[in-house]
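Fit chain W to the known structure of chain A by using the hints.
So the protein sequences, as listed, match chains A and W. Residues 1 to 324 (my numbering) are what the first sequence spells out, left to right. Residues 325 to 726 (my numbering) are what the second sequence spells out, left to right.
By construction, these hints were calculated from the structure, which means they are not laboratory data. One or more of the hints may lead you astray.
To be verified - From chain W, some residues computed to sit far from chain A (all C-beta separations above 10 Å):
{"id": "1", "residue": "LYS334"}
{"id": "2", "residue": "TYR335"}
{"id": "3", "residue": "LYS513"}
{"id": "4", "residue": "GLU542"}
{"id": "5", "residue": "THR645"}
{"id": "6", "residue": "LYS646"}
Unchecked claim - No more than 25 Å apart at the CA atoms, straight line, and that leaves these computed lysine-lysine pairs for DSS-like:
{"id": "7", "chain 1": "W", "residue 1": "LYS681", "chain 2": "A", "residue 2": "LYS234"}
{"id": "8", "chain 1": "W", "residue 1": "LYS472", "chain 2": "W", "residue 2": "LYS483"}
{"id": "9", "chain 1": "A", "residue 1": "LYS247", "chain 2": "W", "residue 2": "LYS681"}
{"id": "10", "chain 1": "W", "residue 1": "LYS686", "chain 2": "A", "residue 2": "LYS268"}
{"id": "11", "chain 1": "A", "residue 1": "LYS92", "chain 2": "A", "residue 2": "LYS62"}
{"id": "12", "chain 1": "A", "residue 1": "LYS70", "chain 2": "W", "residue 2": "LYS681"}
{"id": "13", "chain 1": "A", "residue 1": "LYS234", "chain 2": "W", "residue 2": "LYS493"}
{"id": "14", "chain 1": "A", "residue 1": "LYS234", "chain 2": "W", "residue 2": "LYS655"}
{"id": "15", "chain 1": "A", "residue 1": "LYS272", "chain 2": "W", "residue 2": "LYS686"}
Each residue gets a CB set at the ideal place from its N, CA and C atoms; glycine is no exception.
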Amino acid sequence: MDINASTIWTEKYRPRNFEEVVGQDEVVKKVQNLTKSLNIPHLLFAGPAGTGKSTLALIVVKELFGADWKENYLDLNASDERGIDVVRQKVKDFARTKAFGNVPFKIIFLDEADALTREAQQALRRTMENFTSTCRFILSVNYSSKIIDPIQSRCAIFRFKLLEKKDIERRVRFIAQEERLQVTEQTITALYEASEGDFRRVINLLQSCASISPSITSDLINTLIASAKPADIKIVLEYALSGDFLKAKEKLLDVMLKDSVAGTDIIKSIQKEIWNLPIDNELKVRLTEKTGEIEFRMVEGSDEFIQLEALLASFVLAGRGIVR
Amino acid sequence: MKMALSLIEKYRAKSLKDIKGQDLVIKEVEAFFKLFPKRKALILAGPVGTGKTSIAIALAKDYKMELFELNASDLRNRLKLDEILKPAIGQQSLFNKGKVILMDEADGITSTEYGGLPELIALIDKTSFPIIITANDIWQQKFSLLRKKCQIVNVRELKESVVFDILSKVLEKEKKKIRAETRELIARKARGDVRAALNDLQTALSLGEEEFIADIAEREKQESIFNAMKKVFQEAPDEKILNVYDNTQMEIDEIMLWVEENIPFVYHGKALFKAQEALSKADLFRGRIYRQQYWRFLVYQNFFLAAGISSATELKNSQFTKYSKPSRVLKIWLANQKNAKKRSIAVKYAAFTHMSKKKAMKESFFLPFIIDRKAQKLLDLTDEEKKYLKEKKKEIIEKIRV
Chain A
1 MDINASTIWT
11 EKYRPRNFEE
21 VVGQDEVVKK
31 VQNLTKSLNI
41 PHLLFAGPAG
51 TGKSTLALIV
61 VKELFGADWK
71 ENYLDLNASD
81 ERGIDVVRQK
91 VKDFARTKAF
101 GNVPFKIIFL
111 DEADALTREA
121 QQALRRTMEN
131 FTSTCRFILS
141 VNYSSKIIDP
151 IQSRCAIFRF
161 KLLEKKDIER
171 RVRFIAQEER
181 LQVTEQTITA
191 LYEASEGDFR
201 RVINLLQSCA
211 SISPSITSDL
221 INTLIASAKP
231 ADIKIVLEYA
241 LSGDFLKAKE
251 KLLDVMLKDS
261 VAGTDIIKSI
271 QKEIWNLPID
281 NELKVRLTEK
291 TGEIEFRMVE
301 GSDEFIQLEA
311 LLASFVLAGR
321 GIVR
Chain W
325 MKMALSLIEK
335 YRAKSLKDIK
345 GQDLVIKEVE
355 AFFKLFPKRK
365 ALILAGPVGT
375 GKTSIAIALA
385 KDYKMELFEL
395 NASDLRNRLK
405 LDEILKPAIG
415 QQSLFNKGKV
425 ILMDEADGIT
435 STEYGGLPEL
445 IALIDKTSFP
455 IIITANDIWQ
465 QKFSLLRKKC
475 QIVNVRELKE
485 SVVFDILSKV
495 LEKEKKKIRA
505 ETRELIARKA
515 RGDVRAALND
525 LQTALSLGEE
535 EFIADIAERE
545 KQESIFNAMK
555 KVFQEAPDEK
565 ILNVYDNTQM
575 EIDEIMLWVE
585 ENIPFVYHGK
595 ALFKAQEALS
605 KADLFRGRIY
615 RQQYWRFLVY
625 QNFFLAAGIS
635 SATELKNSQF
645 TKYSKPSRVL
655 KIWLANQKNA
665 KKRSIAVKYA
675 AFTHMSKKKA
685 MKESFFLPFI
695 IDRKAQKLLD
705 LTDEEKKYLK
715 EKKKEIIEKI
725 RV
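Excised from the complex, chain A in its bound form (with noise of 0.2 Å):
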């Protein structure tokens, strides 16, 4: 598979060395310096979704490999792989053998980290310990705090920051005189707005538009990503407010089954809309303490849709005699 011949924008307009890597100058240059030298330890890269983390560690695997460097690479996702021990059967197949070239080691980069638990983690540490002398690992966290301090002091840690306004400017500037593609500087605004920094959803975004109309205005963006989103929560929350619980906690199960939402991202927006409910200002106050700690007991059980529904309850009360 010829990536450069995609026609998926996220692939065709990946960064494919250090130079065009956009908003993360401090990890760059430190991370190119590392792979000069031919000898990297192991790398924790931490940051948001979509600022470069992955495609960093493909740049670096190029560039130590060159040519050879499917074969000295092995990507795996720690939250698509099923627990810790196949985790630990793929890298041992994968290590078992040394590496290609002139490079003593291989690379295995591992996604999404921090969704491995603390036990697992333990295992995964022992694991690099192992394979230290034919492996070297880049882990991939969105948030290093996650990942056990075992783990963190035998890793170089790299943050990648939010990609800021000009970063998206820079990149998206350089795609539509690519694919032909008349963006303003509205357009720039809008995607800087709905991306939230991620610059996967930027590209989606912007292909997602493309595919429409090639003069992309902020109003097609707005619209797209409007439509985007899950069917609107607000529903949900004003028929719990009127009293009417039984049709909010349909409701909310459509909405969570019909896009496959999960109940993390629904509690997410709960707590976004609770400022613009018609109720007064002491109320949202209780309500947000009340969908934190939903949100903290979503952490701790099991059943997602359960907590949502004890939060709606709490709604039902709170809206009784003030909503309607």
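For chain W alone, kept in the frame of chain A given last:
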């Protein structure tokens, strides 16, 4: 099609000696007959299917008396009682036979001024024929006056062995065979109710034994969960509340779904809030059990699910409530079927773009736009998947236009 007589009617006792396991009751009834009119009415009190009605019918036959049958649940009002009862008492029997008046299922009679209870009592004073009254629960307040006028005989549930024998005899007469274990199962399940046992036997004969057994297992499971729901939602919590789910033969996770489904139908307002809160905490402990494998937390999960839900309100509603099966799991399954194509595309996309399936699903909204023909080939999509993308794209664009 030939109308088959139900086993219950077909094998109803034709004589007192056909009645099994109620010898003492029969003795008392016969004694009452001999004493009449010293005592004018007799109440046969006991659970359903123990033979109360059969005893009355067989008695009339054995003593060659005419049976005047009254069904209180059909005849709820004074007018009809007057119409039917009074002439029966005044007239002399046609063939000089004696008469027995049977007031079946007296539980249905009302005690209000429109009802028949005062009439029944007046009737007992006036009657020149013995009256037999059957009732499930004669100790209700409304019957206090009636009880004073009548001799009461308690009819007890039949022993399992008696029910088993009855089933075996019926099968013999029907020239049909059913394994002894199945007969035992029916007898045990009937809990002394012959009518229920015969009904089940009929079902077993028409369904076939295997299917019948599966059916029973499912029914028992449902019955027991219904009882548990009733206890939790409609009765004040007592010292046994923590064991309320013990007999349900259900995993606690399934019970949680039952509770979740039914809370909003029984509780409202503050009670609803408290119950959902208790359910939320039960789930919290379940999460901790899973994560830490610390099974002692099960105690707390069960506590919130039983006592927590039950004590959400002190005002319990004793009205009959129909509890529903959990519906969420089915809805999730249906939605998953629907989302299966989206997921399979996302998985292929994820492998191609160095991302996790989870992340790919998050970007799945964009897939109909960014996977063009060329990309479809690269990702090796099936025709079904291509069709899904095409339709989805059309759907979104139409939505945007509006």
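Regarding the assertion that W/LYS334 does not contact chain A, is the least Cβ-Cβ distance greater than 10 Å? W/LYS334 clear of chain A: closest Cβ-Cβ about 47 Å, beyond 10 Å.
Does W/LYS686 pair with A/LYS268 here, judged by a C-alpha cut-off of 25 Å?
Between W/LYS686 and A/LYS268 the Cα gap is close to 15 Å, so the pair holds against 25 Å.
- Task: Decide if the proposed pair is consistent with the structure: A/LYS234 and W/LYS655, CA atoms, cutoff 25 Å inclusive.
- Result: Holds, at about 22 Å.
Practice item. With a cut-off of 25 Å on the C-alpha distance, tell me whether A/LYS92 and A/LYS62 pass. Key: Holds - the C-alpha atoms of A/LYS62 and A/LYS92 are around 22 Å apart, at most 25 Å.
- prompt: Is it the case that W/TYR335 keeps its Cβ farther than 10 Å from each residue Cβ in chain A?
  reply: holds (48 Å)
W/LYS646 remote from chain A - nearest C-beta pair above 10 Å | holds (15 Å)
Item checked: Distance restraint between A/LYS247 and W/LYS681, which requires alpha-carbon spacing of 25 Å or less -> violated (32 Å)
Original post:
Closest CB-CB distance from W/GLU542 to chain A, is it above 10 Å?
Top reply: holds (25 Å)
query = Can the restraint linking A/LYS234 and W/LYS493 be considered satisfied, given a maximum Cα separation of 25 Å?
reply = Status violated; Cα separation ~67 Å.
Does the alpha-carbon distance linking W/LYS472 and W/LYS483 stay inside the 25 Å limit? violated (30 Å)
| Taking 10 Å as the cut and beta carbons as the points, is W/THR645 off the interface with chain A? | Holds: least Cβ distance 15 Å, greater than 10 Å.
Discussion item. Checking one constraint from the list: CA of A/LYS272 to CA of W/LYS686, max 25 Å. Satisfied?
Written reply: Given pair A/LYS272, W/LYS686 holds - Cα atoms ~19 Å apart, limit 25 Å.
Against the hints set out earlier in the document, violations occur for numbers 7, 8, 9, 13.
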